[in-house]
Amino acid sequence: MPSISIRDLRKYYGDIKAVDGITLEVEEKEIFGILGPNGAGKTTTLEMVETLREPDSGEIEVMGLDVRRNARAVKEIIGVQLQTTVFFDELTVRETIDLFSAFYPRTMPVDELVGMAELNEKADSRVNELSGGQHKRLSIALALVNDPGIVFLDEPTTGLDPQARRRIWEMVEHLRSQDKTVVLTTHYIEEAEYLCDRVAIMDHGHIIALGTPDELINEHVSESIITFRLSQPVGEEIVRGLHGVTDVQGEDGEYRVTTPVPQETLIGIVAMAHERGVEADDINMKRATLEDVFLKITGRRIRE
Amino acid sequence: MRKFLKIFAYDFKITIRQREAMFWLLIFPVLIMIILGFVFGSAGDVKLKVGIVDLDGSPVSRAIVEAFEGIDAIVTEVGSEDEERAAIRDGDRNGIIIISEGFGEQVTSGLQGELTIIINRSEITTAQITSSTLRGIIDEIGQRMSGAPEIIEVNEEEAQDVKDFEYIDFMVPGIIAITLMFGGLMGYNLEIASYREKGILRRIKVSPLSLPTFLAGGIFNVLVFTLVQTVLLLLVGTLVFNLSINANYLYLAVLVLIGALSFLALGFLIASLTKNMRSASLAANAVSMPMMFLSGVFFSVDWVPAPLKIIAQCLPLYYLGDGLREVMTNSAGLLDIWLDLVVLVGMGLIAFIASVRFFRWE
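In order, the protein sequence lines correspond to chains X and Z.
According to numbering that gives the first Met the number 0, the residues represented by the first sequence are 0 to 303, in order.
According to numbering that gives the first Met the number 0, the residues represented by the second sequence are 0 to 361, in order.
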């Protein structure tokens, strides 16, 4: 049984089709990402699954439970981190977790959650003294107070610096090790590629692509880019003649080639350099990213 | 129950830790009371308040009533004998004049007419002034009517069972009423508005906890603090100003809780109707400030012009102040203040229903 199954979900706000007919399934124990630009409908989708918003039409089942008919039962088995929640300024981290525990019938030990969020040193600090990253980690810990099977994280790293983001990723990885199903939204490509088993790319209320990051890249962007430098320049036509190369840009011995078969082209480059007695270094293979997938499908970038 | 208690315990902690709010909640009303008590406590009533019972209804008696009404230094009330006698017992009159039936006829036929005056002797400072002022005015009226002051004979009667009533006795119930109002309009309701703004309400919505349970913890916390606040005011009033309380404390507690809940409901309505905490706070100010000054909680509405009195009686705070005053100083029971209770409970229910209707999670 899939953890979540959504069929033909719609939510319109007047003329704005925030979510316009979405169908997808989230498997048990997978980390599922919804990637898309701001306003794509990611949060609206998530909030309908979380019982926070009424869909206009469509069906949502969480662990086989219809979200609209069994809202309370669903609320007990999901954990939710909302995009913008500020907590009680006057309470400490430990107290905040303890208070939220009172909202659920089944709960986790407070200390365990404090540890999971790496907030041991801050456990007795007021919530308003936390940094942005610590605050986000607290809000994820609060999504876990009821030891849920399914965890929803709405843009868990937005606005954080790379280091703070890294620590959130570690927390999500930890959830994976605990066999939880995680659904997260993001507009960071690296985040979706690094964390997610599968990704749904959303734009204008539609899912425009769905699959593992590799599948999506292979399916939509067939070519990779290799850059390298030669100790002595060779003619562009020689590089162009290498196996698989479809495009070459070269200047002062630095080359940028496009190829659908990067491995074979790479071997070709090394062999060519060897034959000519020049040295090839700074060889970089830039893999296509989900950004390229989005660009390919929509003609736009995710973040503009 | 476990949830409720935990939520209450944390609301209590939050309240205690809000230093600034604690000041406004607990200390500020006491300061106001002390300031007002010292400034006005000894000044006494500036104007004499006189009740006239016109049993005669003749042109002559009406002329006397009008003459009194024309005197600036005296606030004149006209009422039935029962009303006025009750008023002087409650300490609401410095004196009353009873014009007996046939008085006008006697005077116009040249006979000596008889008036009865009753002086409130419990207010020692003013009793003598009241007596001599009333006699002087009546003599003056007699002089003008017939050229001889002897035409009106004044019989003086001692007022019975008059309560010792001072400004502080009047003011403390008013301060309590105001405190309850501010507590309801600018306390927990604004907190909820901020929870809405911060997304805490949405976070609660995605949990199995019901909002009523969450609110119940907070409201219980408000009521606990309200009672503490009331006791504190009564203590300071008693210790510093010799406040005399003739109250059934159970009735007083019931009235305080009803008043607190009623204004809290109004506060929730304000929070439900406004967009964010800031506008809720402004709206609460706009509602509470005029009420504070117009509801007759610092001064008796009997001392102000009639239009202001009518305005005061349209404001819910008036009824809370009135009820508290009756219970605290006149030993009134809950039945005696039924009108006050009906107004408060009615407002509370209407505001509650409306705020549920207009409630928003975000």
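Worth flagging that the hints you see were computed from the coordinates, not collected in a lab.
Honestly, I wouldn't trust all of these hints.
[Unchecked claim] So the derived label-pair ranges between C-beta atoms look like this:
1) Pro-304(Z) with Gly-38(X): 44 to 52 angstroms
2) Lys-274(Z) with Glu-169(X): 51 to 59 angstroms
3) Glu-75(X) with Asn-245(Z): 24 to 32 angstroms
4) Ser-4(X) with Ile-349(Z): 43 to 51 angstroms
[Stated by the list, open to error] Calculated pairs, DSSO-like style, for lysine-lysine (alpha carbon to alpha carbon, straight line, at most 27 angstroms):
5) Lys-12(Z) with Lys-121(X)
6) Lys-197(Z) with Lys-5(Z)
7) Lys-16(X) with Lys-274(Z)
8) Lys-121(X) with Lys-5(Z)
All figures in this text were calculated on a predicted structure; none of them were measured in a lab.
Positions of the beta carbon are idealized from the N, C-alpha and C atoms, including for glycine.
Inset, instruction - Determine which of the earlier numbered hints do not hold for this structure and return their numbers in increasing order. - result: Numbers 1, 2 and 3 - these are the hints that the structure violates, sorted from lowest upward.
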